[in-house]
Amino acid sequence: MSDLAGVAARTAFDDRADEASRSAAPTVQTVLGPVCARDLGVVSVHEALLSVVPGAQYAYDVTIDRAEIFETLAAKLTRFQKAGGCTIVDTTGMFYGRDVPLLEALSRASGVHIVASTGMGPEEMLGGYFLTPQTNPPIPWPAEKFADLFGREVIEGMVVPRVERRGSAGLVVTAAHHAGMTTVEESLFRGAAKAGLATGVPVSIRFGGDAVHDLEVVLDERLPAERVVVVGLDRKVALAAGAALEVASRGAYAAIDHIGSTDNVHVSDAERAALVAELVAAGHTDRILLSSNAIGYAVGQPPRDLPYDHLLSNFVPLLRAQGVGDDDVQRFLVENPRELLTVR
Amino acid sequence: MARVNTVLGPVPTEELGIVAVHEHIGYGMPGCELDTKWWKNPEERYEETIPKLRKFHEYGGGTFVDATGICNGRDVDYYKSLSAKTGVNIVACTGFVGGDSALPFFARASVEYLTEQFVHEITVGIGDTGSKAGIIKVGVSRGFRMTELDKRIYRAAAKAAVRTGVPIFTHLAVDSQPAIGIFDEEGLPLDRVLFGHVDDGVSQGKVRDTEIADMGGRLGFDTFGYDLELRDPPFWGRRRSERLEHFLRFLRGGYVDRVLASADANCSPLGWPGVKGHTVNYIFEQLMPDLRDAGIDEPTITRIFVENPADFLTIKN
Chain A
0 MSDLAGVAAR
10 TAFDDRADEA
20 SRSAAPTVQT
30 VLGPVCARDL
40 GVVSVHEALL
50 SVVPGAQYAY
60 DVTIDRAEIF
70 ETLAAKLTRF
80 QKAGGCTIVD
90 TTGMFYGRDV
100 PLLEALSRAS
110 GVHIVASTGM
120 GPEEMLGGYF
130 LTPQTNPPIP
140 WPAEKFADLF
150 GREVIEGMVV
160 PRVERRGSAG
170 LVVTAAHHAG
180 MTTVEESLFR
190 GAAKAGLATG
200 VPVSIRFGGD
210 AVHDLEVVLD
220 ERLPAERVVV
230 VGLDRKVALA
240 AGAALEVASR
250 GAYAAIDHIG
260 STDNVHVSDA
270 ERAALVAELV
280 AAGHTDRILL
290 SSNAIGYAVG
300 QPPRDLPYDH
310 LLSNFVPLLR
320 AQGVGDDDVQ
330 RFLVENPREL
340 LTVR
Chain B
0 MARVNTVLGP
10 VPTEELGIVA
20 VHEHIGYGMP
30 GCELDTKWWK
40 NPEERYEETI
50 PKLRKFHEYG
60 GGTFVDATGI
70 CNGRDVDYYK
80 SLSAKTGVNI
90 VACTGFVGGD
100 SALPFFARAS
110 VEYLTEQFVH
120 EITVGIGDTG
130 SKAGIIKVGV
140 SRGFRMTELD
150 KRIYRAAAKA
160 AVRTGVPIFT
170 HLAVDSQPAI
180 GIFDEEGLPL
190 DRVLFGHVDD
200 GVSQGKVRDT
210 EIADMGGRLG
220 FDTFGYDLEL
230 RDPPFWGRRR
240 SERLEHFLRF
250 LRGGYVDRVL
260 ASADANCSPL
270 GWPGVKGHTV
280 NYIFEQLMPD
290 LRDAGIDEPT
300 ITRIFVENPA
310 DFLTIKN
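Here the protein sequences line up with chains A and B, keeping their order. By the count of numbering that gives the first Met the number 0, the first sequence reaches residue 343 at its end, each step adding exactly one. By the count of numbering that gives the first Met the number 0, the second sequence reaches residue 316 at its end, each step adding exactly one.
Keep in mind that a hint or two might mislead.
Below, simulated BS3-like cross-link-like pairs (lysine-lysine); rule was C-alpha separation at most 27 Å, straight line [as the list claims (entries may be wrong)]: (1) Lys-79(B) - Lys-275(B); (2) Lys-36(B) - Lys-144(A); (3) Lys-39(B) - Lys-144(A); (4) Lys-39(B) - Lys-54(B); (5) Lys-79(B) - Lys-144(A).
What the hints contain is simulated information worked out from the structure, not anything from laboratory work.
Kindly produce the complete structure, drawing on both the sequences and the hints.
Take a look at the structure:
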């Protein structure tokens with residue numbers, strides 16, 4: 000197994016960087032190839048298109064109808080576009096139903112840029128291959144192997160299992176358990192950070208029990224804070240801990256990413272709007288990201304059937320009511336995601 | 000009529016012939032499909048697999064029971080083509096190799112849901128293949144102790160076995176007491192359960208083999224060929240003579256009807272290197288000659304490889 004931090008991976012990345020500098024424009028990896036960062040427009044930076052709980056594809060009472068999935072998602076993307084949306088980031092990672100050819104077809108049909116992700120987590124969502132390998136004793140994968148697995152999805156292409164590699168992942172996502180980061184999850188976080196460093200794509204971390212602790216883990220890998228987005232900062236525990244402010248003051252992006260969710264875990268949209276206003280007042284306008292983590296088509300789990308345009312159509316007016324200016328809203332929806340997603 | 004579900008439809012028990020009762024077309028831990036280091040194109044898969052099955056057929060092998068559970072790379076459409084082209088009956092299983100290889104959707108599921116999953120695959124079919132499972136796989140997770148999830152899967156399997164009449168085979172025979180307790184509570188006779196891998200190297204000292212057999216359970220001496228004499232044996236390997244002696248003790252001790260034998264080989268492994276040179280045909284090339292050399296007569300060999308598996312695999316309604 001080659002090491003992504005090694006020469007070959009750097010060379011591949013350098014080639015791409017050279018190409019980008021020749022065309023004199025920074026780019027973002029979408030499922031249809033690199034796109035000029037300035038063309039991204041309004042971005043919803045943390046959403047799910049097709050989301051399949053690992054294993055549900057084998058369930059006796061689940062039928063996966065690709066045509067129906069396509070139709071549903073295409074309609075949602077069109078609605079997002081009509082509301083002013085231009086780019087959507089699918090943060091399901093590599094083991095939650097990601098279907099690269101389907102994402103390509105959706106992007107072509109709708110005209111919406113789609114950025115797909117690599118990565119996995121939390122631990123309970125991993126396959127046994129990573130947790131109980133056929134070795135004695137069965138030692139879970141270390142960070143280096145996760146880094147290699149994720150990095151190859153950027154450099155060599157995303158896997159269509161046992162068929163081919165296609166396209167290029169535009170970011171690395173991982174997550175920790177709400178009760179706190181497990182040992183395996185620390186390997187996932189460190190592996191994601193290493194992959195981000197080696198390939199130049201950003202890293203999204205869904206924190207577990209303590210946002211600042213989890214952020215420090217990836218920063219410990221020398222990944223610059225501005226290459227990291229911390230998601231889940233509109234959870235009640237995060238609000239109580241003042242986590243969004245802490246994350247932003249360390250230079251990472253703070254994502255208020257469950258806009259529209261009204262469950263026991265998350266705060267309300269009104270509280271989210273107040274939190275954004277607070278971050279703006281503290282001078283962190285350039286570190287705020289907004290998203291709704293809607294699931295466009297859910298398999299094997301309850302749907303989170305929120306339109307992708309809820310953020311634009313319903314939440315932005317709430318921000319204005321909080322006194323947040325149009326320039327600032329533009330920062331959250333266009334400039335900040337562009338800066339994050341641009342391959343460095 | 001006595002019948003067994005194969006991937007190409009039910010067959011009369013009389014047609015099973017010599018049975019390899021615990022084998023794999025290809026096995027990999029869930030998630031290995033994401034790691035390109037194991038990928039092979041379909042041409043290579045067929046090239047690695049077909050000659051082994053053809054040879055099995057030529058040796059007189061009739062039926063290959065695949066022990067690759069849900070989520071481990073089980074691929075029934077592929078098995079159908081292999082069976083049709085080689086003439087070997089292939090029996091596919093429902094169930095899981097163990098809690099370790101049940102993906103999150105199933106790891107979260109209730110006993111009732113898992114039971115429905117198994118019953119559906121046995122009575123209606125596996126996915127949209129139209130093929131029905133002929134046996135249920137269960138197993139003990141790494142660590143030699145049944146986990147809560149392992150027990151949930153065993154209980155669902157027991158309920159499904161009672162409802163459908165197909166048997167159960169296990170990955171590992173260690174920590175058998177909770178398993179026997181579950182089968183008892185669900186009213187499943189122990190002769191419907193094949194406790195597998197009683198002969199593997201890492202399980203020795205942890206298997207109550209005599210007790211299981213005395214209670215009516217069946218013992219799977221089914222890792223024949225994972226010999227420590229190989230150049231690169233797996234960690235569950237065992238010295239060939241020691242395994243054979245273990246088996247002979249049971250044959251000579253009056254347990255012929257309680258034992259089954261197999262090689263647990265992969266025709267083309269999916270997520271691990273496999274063991275070079277080890278195939279299902281070890282049964283014909285090494286094991287049967289070893290048994291004959293040890294003075295085991297032909298009727299006994301027929302009982303082990305034909306009559307016992309026929310009785311075990313036949314759907315009991």
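Here's how the hints hold up against the structure:
Between Lys-79(B) and Lys-275(B) the alpha-carbon distance is near 25 Å, which keeps this suggested pair within the 27 Å criterion. Straight-line distance between C-alpha atoms of Lys-36(B) and Lys-144(A) comes to about 12 Å, which keeps the hinted pair within the 27 Å bound. Restraint check: the Cα-Cα separation between Lys-39(B) and Lys-144(A) comes to about 21 Å, which is no more than 27 Å; the hinted pair holds. About 22 Å separates the Cα atoms of Lys-39(B) and Lys-54(B), which keeps this hinted pair within 27 Å; it holds.
The suggested pairing of Lys-79(B) with Lys-144(A) is violated, with an alpha-carbon distance near 36 Å, which exceeds 27 Å.
Of the numbered hints stated above, the single one contradicted by the structure is hint 5.
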